[in-house]
Structure formats: C-alpha cells, structure tokens
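Assemble the whole structure, with the sequences as input and the hints as a guide.
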Amino acid sequence: MKQLISLLIENKPGALMRVTGVLTARGYNIESLTVARTLDSTLSSMTIVVDVDPVMQFLLIKQIKRLVNVVEVTDLTESRSVCGEMALVKIETTPEKRAALLKEIDVFGARIAKTDLLSYTLEATGTSDELDSFISLLHSYGTIEMIRSGAIAISGSSTTKSDDPLADITDSNGEAQEALQV
Amino acid sequence: MSVMSGAQILLESLMREDVEVVFGYPGGVTLPIYDVLYDHPLKHILMRHEENASFAAEGYARTTGKVGVCMATSGPGATNLTTGLVDALMDSIPIVAITGQVPSKLIGRDAFQEADTFGITRGATKHNYLVKDISELADTIHEAFYVASSGRPGPVLVDTTKDVLIANTEYRPAIQIEKMRGYELRIDPTDDEVDEAVEFLWQAERPYVYAGGGIISSGASDELAEFVESLDAPVALTVMGLGAMPTEHPNFISMLGMHGSYAANMGVTECDLLIALGVRFDDRVTGRLDAFAPNARVLHVDIDPAEMGKNRSPDLGIVGDVKHVLQRLTQRIKETKETQGRKNKEARGSWKERITGWMHEYPYSYEPSKNEIKPQKLIQKIDSISGGEAVMSVDVGQHQMWAAQYMRFNGPRQWVVSGGLGAMGFGLPAALGAQVGRPDKVVFALVGDGGFMMSLPELATIASNKLPVKIIVLNNGTLGMVRQWQELFYDKRYCAIDMDCFPNCELLGAAFGIKSRTVDKPGDLDEALDEAMAEEGPFLLDVKVTPEENVFPMVPSGGAVNEMILEQPKPVTVGD
Ligand SMILES: Cc1ncc(C[n+]2csc(CCOP(=O)(O)OP(=O)(O)O)c2C)c(N)n1
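So the protein lines, in turn, are chains A and E.
Going by the numbering used here, the first residue of the first sequence is number 510, and it counts up by one from there.
Going by the numbering used here, the first residue of the second sequence is number 100, and it counts up by one from there.
Just so you know, these hints were derived from the structure itself, not from any lab.
Backbone N, C-alpha and C define an ideal beta-carbon position, used for all residues, glycine too.
Incorrect hints may have been included.
[Said to hold, decoys possible] Mimicking DMTMM-like on lysine to aspartate or glutamate, the simulated pairs with C-alpha atoms at most 25 angstroms apart in a straight line are:
(1) K521(A) / D262(E)
(2) K409(E) / E654(A)
(3) K409(E) / D584(A)
(4) K521(A) / D625(E)
(5) K469(E) / D287(E)
(6) K278(E) / D549(A)
(7) K591(E) / D539(E)
(8) K231(E) / E519(A)
(9) K643(E) / E466(E)
(10) K436(E) / D287(E)
(11) K540(E) / E347(E)
(12) K521(A) / D403(E)
(13) K231(E) / D549(A)
(14) K442(E) / D414(E)
(15) K599(A) / E613(A)
(16) K409(E) / D562(A)
(17) K521(A) / D215(E)
(18) K436(E) / E298(E)
(19) K521(A) / E277(E)
(20) K521(A) / D232(E)
(21) K476(E) / D321(E)
(22) K521(A) / E235(E)
(23) K643(E) / E662(E)
(24) K409(E) / E581(A)
(25) K521(A) / E283(E)
(26) K521(A) / E213(E)
(27) K409(E) / D560(A)
(28) K165(E) / E283(E)
(29) K278(E) / E581(A)
(30) K278(E) / E613(A)
(31) K476(E) / E466(E)
(32) K521(A) / E662(E)
[Stated by the list, open to error] Now the stretches of chain A that chain E is said to cover, found in silico as 3 or more residues with beta-carbon under 8 angstroms:
(33) 516 to 529
(34) 533 to 539
(35) 564 to 572
Written out as structure tokens, the structure is:
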C-alpha cells in the first residue's frame, strides 16, 4: 500500500538518510520524497510516499519517530490531509492544436511559464491523481517532457499539531493490534 | 579556559564522562589522540583486533552498567568495529565508539584509509556523528554519552576528522546538554495507566511475568522482585534477562523460549495475563507468534514506544522506565491488596502449583556418563565454583544455551551474552572487558571451540594485561549448534562443521604465556578446575566433551513454544 508520511526533522547532515534508511532497510521502494526548509531554519519538512507492507504501517512511524533527529512524524495516509504536487511540462505544439490546448490548460488552471514557436512549458499543481490525468490528456496532443516534484502534504485538521510528541503513542496501539493480527 | 587541541579536548571530555578505560587500536588518523594519551591518566587497553575492542567495551558496559568506550582508526579500523556496534544495538548496550576520519578536505576523494564510516554505521548505531568542526567536538562527545546511556541504551559512534584532532581552540567544558528536540524520553506512567494495569493484575487467574534485558538496563532487579512477591506471580527471564532476578528466588521458573524449560514454555502458553517487562517479543522467545500466550491479555512495559505492538499488540502498553513503572505498580498493588487481593486467590494458588508441578516433572536433564565429560556436567561444575557470584561471559552456540540453563546468578550484570545478534567471537573479548570493569569478580569466558578460534589473538591482550580470566573451551570438536540443526532438521547431512586442527591448548597457552591444561576424562575435571581457580592469573582450560550432545528442550525454529522437543529422538528401528 502507499503510505503518506509527513515529517519534521532537524536540519542536520545525515538526517534524511536516517529516515529513508528505516524504509530502505526493509526493501521498500520510495515513490516520492520532498525535503524543504520550514519557518524555523533549524528544521526541515519532509513528505514521503512509500510503498509499504500494510502490517508495518504503524511500526514504521514509531521507528522513524525513534530516530534522534526526527522531531515529529505523522501518518497522513488515511487522514484528511491537504496534499499537492507540482509538475513542469514541456509540450510540443502546432498552430492547429494551439487553441484546443490552451483551453485544456485553462480548464485545469495550469500556468504557462514559457512559450516559444514550437512548445509551451507549463506549471501545473494539483493532487497526484489530478496531475496524472492532466498529463495523460496533454500527452494526447503530442510528445511531452516533464518533471514532477513529488507530493507534499499537510494535516487537514483545523488546529495545528499538539506539542506533546508522545501523545499518540498509546492511541495507536489499538490500530497496530488490528494490523498485526496474525 | 585554556587552548587545547581536538585530541586533548576529546580525552578531556571522556574524563568528564567518568570514562576510566578505552579499548582501542591506533592508526594513521588517530595518532594525534595517541600522542596525547602518551602521558594522559586515561587508561587505554591495546586490543589485537578492533572487533574485539567493540566486544570488550560491551563486556565492560554489560557488567558495570557504565558506558563502554572503544576507539579505532579510519577505514579498516572503523569497519572492524561494526559487528560490536550492531551487537550493542540489538542488546541495547551503551557504548561509545570513537573513530578517526581522514582530514575534512580529503573526504570524498578516496583518500588512503577513507571509508564512509558515518554512512556505514548509520544502521549499526542508535545514533552517530561526524565531527568536522572542532567547536562541536566537546558537545558532541557529551551528547553521544547522553544518547548512549539514556532511554533505551545503545551504541553511539563519533567519527572525527584528523584536522579536528590537531586543530586548537579555547576549550570550554559543556555545562549541560542542549535540549535535543528529536529525542524525547518518557519515564513515568500516568495514574490511569497504573490503575488500569493493576486492575489487569487482580483480574488474572494465571499471571505470568516475562522479563528481560530492560530490567537490567534500568537497574530494576529489586523492583522486579518486590513486584512479583507482592503478586506472588511466577517469573521467566529471557536469555538477555538472566540475573535480573536471583536464580534461587522462589518465584523464578527459568529461561523461556527456544531452549527454555518445559515449565517456562508451558506457563507462557497457559497463562491468562502475560506481564511483559523490558522485553521485545523476540522470535527466539516467542516461536510461532500466534501460539505464544494465545489466551492471554498482554501488559507490556518498555521504554521504547516502537516496541509497543511491534510483534505482539498489548492490551495495555505502558511506555516508561520499567523501574519507575514497577515501583508505581507495586505501590498500587499494596494499596489495593486488602480489597482486591482475595479475588482469584485460589485460582492463582493452583496456577503456581501447576507451574511447580511442571518444573518437577521436566527439569533440565541429560544422560550422565562415566566415560565422557558431559558438557552440561562441566557447566554444573563451573556453577558450583561460582556459587551464583561469578561473571560468566559466553560465546554463541550450544555451550551458551547450556550455560543459560545451568548457571545460577545471584544478581544482574553477571551474565554476559550476545543475545540478539548471536555474534560468535564475542565471549572471550567480552570477558576481557568484564574483567577490566570488575577486577573484584571471578570472570569465566566459556566458549565453544569454534568461537574460541575467532577470538584467539585476544589471548595476547589478556596475558599482557594480566587479566585473570578463566577461559574454558567447551570443546566438542565441531560447530556444535550447527551440527545439532543438521542432525535434527537436515537428515544428519553434516557439512562444514568439523573444527579439526584445533590447536593443542597446552602449547597454545604456553606460546602466549598463559597457564593451560587439556582434560578429557571425567575423573580429571575437578582437579583441572581447581588448578584453574588456584592460578592467580589467566588460565586456559580445554575440556573435551561428548561430541554429539544436543541442547534440549528445543522449540524448532518457527514452531509453537509448547511443542518442544524434550529429549534426543530415539533411533527408529526398521520393522518397528
Ligand atoms: C559470527 C557468526 N558466524 C556464524 C554463526 C552461526 N553459528 C551459530 S552457533 C555456531 C556454532 C558454534 O560452534 P562452537 O563455537 O564450537 O560452539 P558450540 O555450539 O559447539 O558450543 C555457528 C557457526 C554465528 N552465530 N556467528
């Protein structure tokens, strides 16, 4: 299954590798990973989408939390998170296709970052699924070249996170129980 | 404040952490440290291999409760340390490893003896550091000790570049560890947790305590005894937990798990409340998970939140220091005994009787012999010399399991074992480290002939430091535990198990200047052991035992713990 994990880590050398190490040690394939600065320059935020064995889902979160450089980790897989991704797409155009293509771009709400005689370069944001379908639509107009940022996500609840990093330890036991029934 | 070099700051920081000894091996990039050590009060023990330096640091830590320290140079020195780091990680043993690294400017250029120690040891440590700036050195060392020894203890490595070691700076002792935002510890249980747990305890008709290494790390032996006495519950210990409770304690059953006793494994199968204290539901304990305590509610106490539900989901999980949690539980038990204690009293009484019955029915046993030295007999003899007081460091294999079955321990930190990793070559160097840490104790290194050959060079370290370790080789001529598995599960297709060309131990001992003796007759054993004990210095005793003896009971790997093989299967006669 695809697990969506959001983290706050100390901005220190090796911190990223520690986190990915928990996943790669089990042979899991990381689908996407983004790291960026936060308002606090000593911390980085990280969003990972990883293909995991469902039984391991809750344990992974705890094992990541255990890492010394990890300040906060949240499993957003099943929660109402706001999740987005950006794609930069270069698409070849011909004068005949242009009007139709512009309409598609407008409907999706993508931005044209650069144009020249033969191509458009677009900047599109949306959920990963939305981008998937937009990109396959663009593909029907001709060859494209693209790069995607990977997902970033933030918890969708109306309050900001509690300060108690251990608050969820005992709560998640119940869930772990279901997952671990053999 | 004074100006000091990185190497001086490093050693000064170790002194401030109360380090009394470093197990190490020098090399190019650590020469600045050795130059300071030349006339420094800190004691350094020159090992004969870095792997053994890490094992010795562990032996020291396991027997003293202090942080063990080992040191190695860059590249091969650092890679040689890693087995001991993983061993310490698996068994939650606090050690700090100091490694030298090539100068910062050369990192990444394939410099001579460069290895990515920081990367290689990431998965081998609880945490690791690469220091490239002298201003961070002292704080990093102190943080390393804090991380190694707090929470769930473990190995921490500090890799320091050579330029840091030779640079100079104003040294200011770190006052206090800066708050580590990503490192939170939970020590005490909440009142609600305590109340709920004690409710579980009184509701149980067949409570069973399964305790392990966490009791020893947390120094909770007395609390464990008080707890089980207040509840009058039976206790089994994991291989890591041996000594957490005196072997002779009336509530103690034995070790449980793959080579645990019948009573311990039947008890865990039949109990209705499993009280798991400082344990991790290791597969060598649980066997097939769904058959482990199948009808029990589980109360799990551990300091590591990631243990909750890792292998078995608890009905109540308490994250906290088991010492603190047990104190609170016992106090609450005493407060509620009057009103609640009568509940299930009868059921609990007959439960204890059942367990005692199992203990009498199937104690650990073996077929005695007049002509051969039985390995179990050898261990019983060592045990009677020890009287529960000696330190016993073992290697990995059959001898390790027999020692776990037959040795008695009056207290914690006497039993030194590579439990989680099962690293052969551990026993001898760990005994060496233990003897350095506990000069007051008799220290036995009980090793197999296989594991002994892995740690042979440390005979020199033992001799050179006049460490009075009593080295006993339980010599069955083969890699015994592998032979046992091939016999029982691979149709006796014995492959790669002969330890032939084993050295003559009397010549070997003489070559290292260690008194030694070989025995192969039961009649000579007592006298040989007496001779070993009478010797002031180290002694090497090679005991030729029955070659084909197996360790029983045995739960086949992945089997249910109540389906033990209790004794040697009888040969099947054709036509029967
Ligand atoms: C470093 C290492 N390599 C291999 C093993 C696998 N192994 C486990 S027990 C054992 C045999 C040990 O033989 P010996 O040291 O003679 O002890 P015995 O079992 O005979 O008491 C082996 C090879 C191991 N545990 N550690």
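Which of the numbered hints above does this structure break?
Checked against the structure, the hints that fail are numbers 2, 4, 5, 7, 21, 23, 30, 32, 34, while the rest are satisfied.
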